[in-house]
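Now for the letters of each chain:
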Amino acid sequence: MALLLIAHVAGALLAVPVVRRWGTRGVLLTALLPLAAVVWLARVWAVDGVSAVRTAELAWVPGLDLSVTLRLDALSGLLVLVVAAVGSLVLAYSAGYFADEEEAAARVRTVPALVGFAGAMLGLVLADDLVLLYVCWEVTTVLSWWLVGSGGRSGEARRAAVHALLVTTAGGLALLVGVVLLAVETGTTRISELLADPPEASAAVAVAAVLLLAGAITKSALLPVTAWLPGAMVAPTPVSAYLHAAAMVKAGVYLVARFTPVFEQVPLWRTAAIAVGATTMVVGAWRALRQHDLKLLLAHGTVSELGFMVVLLAAGGRTAALAGAALLLAHAMFKSALFMVAGAIDHSAGTRDVRELSGLSRSARPLLVISVLAAASMAGVPPTLGFIAHEAGFEAFAVHAGAADHVVLAVLVVGSVLTAAYSARFVLGAFGDRDGAEPTPWHRPGAALVLPAAAGALGSLVLGLFPGPVDALVSAVVADRPSEGGEPYHLALWHGLTPALAASAVALGGAALLVAARGPVLRAQERLAVPALRALPAGRVQDGALRGLDAVAARTTRAHQRGSLPQYVLVVAAALVAGPGTGLVLALSAGAWPTGWRAWDAPAQPLLAALCLASAVAAAALRNRRSAFLVVGVSGYALAGLFVVAGAPDLALTQALVETVTLAVALLVLRRLPARFEQAPGRRGRGPSRAVRVLAAAGAGVVAALLSAVALASRTAEPIADLVARLAVEEGDNVVNVILVDVRAWDTYGEITVLTAAATGVASLVFLRDRAGRAPALDESPGEDEARLASSWRGEEDLHPGPDSAPQRPWLTAAGTLPPGRRSAVLEAAVRLVFGVVMVLSVHLLLVGHDQPGGGFAGGLVAGIALFLRYAAGGRYELGEAARVDAGALLGLGLLIAGVTAVVPLFLGGQVLESASVDLHLPVLGTVHLVSSLAFDVGVYLVVVATVLDVLRSLGAGVDVSREREREHEAEEVS
Amino acid sequence: MSPTVVLTVTVAGLVAVGVYLLTSRHLSRVVLGVVVMSNGVNLLLIAAAGPAGPAPIAGPGGAVPEEELASAADPLPQAFVLTAIVITFAVTAFGLALSYRLGRLEDDDVVHDAGPHRRTRGEPAGAAGPGDPDRDERHERAGGAPR
Chain A
1 MALLLIAHVA GALLAVPVVR RWGTRGVLLT ALLPLAAVVW LARVWAVDGV
51 SAVRTAELAW VPGLDLSVTL RLDALSGLLV LVVAAVGSLV LAYSAGYFAD
101 EEEAAARVRT VPALVGFAGA MLGLVLADDL VLLYVCWEVT TVLSWWLVGS
151 GGRSGEARRA AVHALLVTTA GGLALLVGVV LLAVETGTTR ISELLADPPE
201 ASAAVAVAAV LLLAGAITKS ALLPVTAWLP GAMVAPTPVS AYLHAAAMVK
251 AGVYLVARFT PVFEQVPLWR TAAIAVGATT MVVGAWRALR QHDLKLLLAH
301 GTVSELGFMV VLLAAGGRTA ALAGAALLLA HAMFKSALFM VAGAIDHSAG
351 TRDVRELSGL SRSARPLLVI SVLAAASMAG VPPTLGFIAH EAGFEAFAVH
401 AGAADHVVLA VLVVGSVLTA AYSARFVLGA FGDRDGAEPT PWHRPGAALV
451 LPAAAGALGS LVLGLFPGPV DALVSAVVAD RPSEGGEPYH LALWHGLTPA
501 LAASAVALGG AALLVAARGP VLRAQERLAV PALRALPAGR VQDGALRGLD
551 AVAARTTRAH QRGSLPQYVL VVAAALVAGP GTGLVLALSA GAWPTGWRAW
601 DAPAQPLLAA LCLASAVAAA ALRNRRSAFL VVGVSGYALA GLFVVAGAPD
651 LALTQALVET VTLAVALLVL RRLPARFEQA PGRRGRGPSR AVRVLAAAGA
701 GVVAALLSAV ALASRTAEPI ADLVARLAVE EGDNVVNVIL VDVRAWDTYG
751 EITVLTAAAT GVASLVFLRD RAGRAPALDE SPGEDEARLA SSWRGEEDLH
801 PGPDSAPQRP WLTAAGTLPP GRRSAVLEAA VRLVFGVVMV LSVHLLLVGH
851 DQPGGGFAGG LVAGIALFLR YAAGGRYELG EAARVDAGAL LGLGLLIAGV
901 TAVVPLFLGG QVLESASVDL HLPVLGTVHL VSSLAFDVGV YLVVVATVLD
951 VLRSLGAGVD VSREREREHE AEEVS
Chain B
1 MSPTVVLTVT VAGLVAVGVY LLTSRHLSRV VLGVVVMSNG VNLLLIAAAG
51 PAGPAPIAGP GGAVPEEELA SAADPLPQAF VLTAIVITFA VTAFGLALSY
101 RLGRLEDDDV VHDAGPHRRT RGEPAGAAGP GDPDRDERHE RAGGAPR
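Chains A and B supply the protein sequences, listed in that same order. Take the first sequence: its letter number 916 is residue 916 in the working numbering, and every next letter is one higher. Take the second sequence: its letter number 115 is residue 115 in the working numbering, and every next letter is one higher.
No lab work stands behind these hints: they were computed from the structure. All figures in this text were calculated on a predicted structure; none of them were measured in a lab. Among these hints, one or two may not hold up.
Stated by the list, open to error - Beyond 10 Å from chain B on every Cβ pair, some chain A residues (computed):
| hint | residue |
| --- | --- |
| 1 | V16 |
| 2 | T271 |
| 3 | W286 |
| 4 | V369 |
| 5 | L461 |
| 6 | L465 |
| 7 | P482 |
| 8 | D543 |
| 9 | R625 |
| 10 | A713 |
| 11 | G836 |
| 12 | V843 |
| 13 | A872 |
Said to hold, decoys possible - Label pairs and their in silico Cβ distance ranges:
| hint | chain 1 | residue 1 | chain 2 | residue 2 | range |
| --- | --- | --- | --- | --- | --- |
| 14 | B | L105 | A | A889 | 26 to 32 Å |
| 15 | A | A830 | B | L105 | 52 to 58 Å |
| 16 | B | L105 | A | A675 | 17 to 23 Å |
Every residue, glycine too, gets a C-beta built ideally from N, C-alpha and C.
Using the sequences and the hints, build the whole thing.
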C-alpha cells in the first residue's frame, strides 16, 4: 500500500521528463500507474473478498507520535477503485486531449500533476491517521490550484484557481482545527480507533463535527460555497473530469461517509449535513438546467449530485449509506464519461455551447451513444446503475415513518426531477439540431478521446444490468451501519411495486414534462433568477473581498503606524505602565509591599545619588548640546560612585571608562551638529506635548521604582549567587569576571557580537560605501587632496619634510599633517609618552581580571581611551600610526579567538566553552596559573578595542576628511 | 529583603528623565535618553539584587576571604549589568552615528514624522522619496555639503 503511494509520488516526478521526451506515448505510460493500483486492489479482493482489511505503517515523525498509517477497508477500497480507475481513464484520455504539438507545454504541465494528484487522493482515502489525511487533503488543494490555473496563463484561470484555493484552504483550516480538537478530546488520531470507540457527545466533539463538516462542504462545493466548482471549469477537460467529477470533490463526500459513524452521538452532524446536502441538490440541479456551456451544466450537476450523496451518507442508516456508496460509484463513471464527451466535442467542434452545436447526432454517433448511456445513468433511467442507486436512496427515506424523512424524500424527488431534466438537456443540447442552423463543422476525435468515455458509459449500463458485484462491495462498505428496519436492502433492478419505484416514476415523469416544455421553463428560469445573485459572480465577490482586506489592512496600519518616533516611544512607555504597572499594583495590593526600608547603605550614597539625579535632570533641561552631553557624563560618573558603594568595583570601573569613551565620541559627533537644540516643530504634526511627555516619563519612573522594590520583597528562592560564587572561586577570585568569561560565557559571546554589529553600523553610517580599512597612516601616501591640504597648512616655508619624503617615521606625526594653529606640541608629546604606559595598564587589567577588578571589557576600554588621546592630540594620522590595523579585521580576530576558545573543548571531549586550567612552572616567573577562559577574555578585549577604534576611525577621522573637503569646496567657491 | 530609599528614588528619576528625553524630536537627545535610561535600569538591577556588601572578590587581593564569599554583594546581577553597560556604549555610538548622518542630510538632527507609509495611503510603491538610499549617495558625491 505504502509502495503504491511512493510509486505515485515518484511517478509524478518522473512523468515530467517522460512526458516531455515521449509526448502522448509517455502520457499513456503514466496511465499505467493508477492502473497498477486497480490491479493491486483487484488482487486483494480476489484473495480476501471485498471486506478485506489491510494496514501498513511507516514511521514519519516518531518524536511527535506521527506515522504514515494506512488502512484499507471496504469504504477506502471503493474510493481507491474510483480514484485509480477513473485516474487511468483520464490519463489515457489526456493522451488524446493533449495530442496536438501546440499542446505539448500544457501536457507537461498537466499530466505529471494529475499523477501526483492521484497519489494524493489515494493517500487521502487510505489514511488511517487524521494528520496524514489532512496533509493529503491540502496536497490535493494545492495541486487543484495548479491544475486549474494551468500555469497562470490567463487571468480568468488564475482567478478561478485562486478562488478555489481560498475556499478549499479555508475549509482545510477548519478541518485542521476540527482534527486537532477531536484528537485532543479523544486522545487518538487514528480513524480506526475513533470508529471502534466513537466519542461521547460533548461541546468540543460537536464543534469538531461542525468544523469537519465545514471542510467537507468547501471541498465538495456544497452550499453556500458552490461557486468555485463551476469557476474551475476553465481548467482543461481531463482536469475537470478527474478533479471536479470523480476525485477531489469526492474527498468531502468521503469525509462525510467516514465520520458519520464517528459522530453518531452528535445529532447536529446528521441534521446539518442533510439540510446542506438536500438544499445543494435542488439548487445545483436548478442551476444546471439553465446552463448553455456543456461543462458548466455538468459542473452544476456535479454540485447537485454531491449534495445528494452527502444526504444519503450522512443519514446514518444502512440503506441510505448503501445508496450513497452506489451513487458515488455510478457518478464517477457517468460524470467522467460525460465530461470526456464534452471535452471531445469541444476539441472536435471548437465549441461546447449548446446554442452553437447542431447536427452532431449524425456526425458524432459514437459520442451520442456514450452520452445517452451516461446521461441515462445520471437521470436514473432503468436499467442503469444510476437508476439502481436512486431507487435505493428513495427506499431509504420511504420506509421511514418520520415526517422529516418524508420531507427529505420529497426534496430528493424534486432534485431527481431536475437532474433527469438537465441530463436530457445535455443530450438534446449537445446532439440536437437547431432550427435553421448549419451542422457544426466536425472532425473525428481520436480513439483516445472516445474509448475512455465509452468505458465509463458502458460500465454504467453493465453494472446496472448485473448489479451483483456492486452490491457486494457497497454492502461491505455499509456493514457497520444500523439497519433502518426490515430485511437488509440489496441493490437490484426490480424490487416489486414499491414506494421507491413510484418515486422514480414521478421523477422521470416530471422530467419528461419539463423537457417537453423546455422553452417556457427556460424563460421562467430567466425571470426567477435573483438579480442580485446574478450581478455578483463569485470572481467579483472574491476580488472585492481581497481588495477590502487590503484596504482594512492599510487603514489599520495607517491608524497606528504614524511614522512618528516620539509617538512610538510613548506607546512603549504606555504599555510599560499599563502592563507591568498593573501587575505591580496587583502584587502590592496582595501584600508585596516591602518592609524595613533603609534610607541609605552608606553616607556617600545620598550625595552621589543627588549628583546623579540632578545632572540627569539638568541634561533634560539644557538646550546647549555639548553641555547636555557633559552633564549626562557627570551623571554617569556619579553612577559609577554608586556602584562602588554597592560593592561592585568592576561595574564602577567599566561605567567610568564607558562614560569617558561615550563623552569623547559624542564630542566628536557634536562638531557636526548645531550648538543648541532649537525648537523644531516637526514638518508633519507637532508631536506629543510636553505635558504628555512628562506624564509618560513619570509613569515609567514610578513603575521602575515599584519594580525594584517589589522584586526585592518578592524574593522567595535563595539567590543562585551562592552557588555561582562557589563554582566561580574554583576558577578565579573575581567572581564577576569568572561569570562573564566562564559561567555565562555564551552571553558574553553574544554581547561581543552585538559590539561588532554596532561598530560596523557606525562605520557604515559614516563611510556609506566601504566599511573596510583603517585610519590613514603616514607611509600610505595620502591622496592628492590630502597632500595639497598638508602643503597649504605648511605654507611657503616647508620646514618639515612632508610625509611623502619622510625617510623615517616621525615621532610626532602631527608635524606634517595638522595645521600649525591646531597643534599643541606639549600635548602631543605628553600623550605620546603616556600612551605606552596606558597600553600596559590596559593589558594588565586584562590579565589580572580573573582575580581582581578588570577584565577584557575594562582593559579594552582603557586601550580605547589611549587611542582616543592619540587621535585628539595628533589628528587622524596619529591615530593611524597608533593602531596600524584594520578595525574590521580586529573585530573579526577578536570574535574568532573567542569562538575558537568556545569550540576547542568540544574536540577535547568537553562542552562548548568549558574551561580548563593549567599550572605552568616557568623558570623565572614561577608558577603561572593559566585558565583557558583567559583566551576568551582576550577575544573580548580585542573586540572592545576594535569597536572603539572603529568608532574613532569613522566618527573621528572619517568626519575630519569630509569636513576638510567641505572647507576646500568653500575656499574654491570664494576664489 | 529590604530596599534602600535613595536607590529607589534614583532609579525612578533616571528612568523618568530617560523616557522624557526619548520622546524628544532631536536624535541626539534621544541618544541621551538611551544613556540615562540605561543607567537607571542598570541601577535598578543592582538595587533589586539585595543589600550592598563587600565586592565579590575573594582571596588575598580581594575584599572578602573565600569562605565568606556568600556574604558579599550578589555577583550575578553585576555580571549582567557589566555587559549591559558595554552594550549601552555600542547603542550610544550607533545612535550618535545616526545623528551625524541625519545632521549631514538635514542641517539638524531633528526627526520629523514620516507620516504613514505611502502604501497605506494607497500610493504606488517605488516612487523615489525621502527614504531613497540613492539620495545619500548623490549627496556624498557632491562633496558632502549640507543642504
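**Item:** Violated hints, by number in ascending order, as checked against the structure
**Value:** Violated hints (numbers, rising): 9, 10 and 15; every other hint is consistent with the structure.
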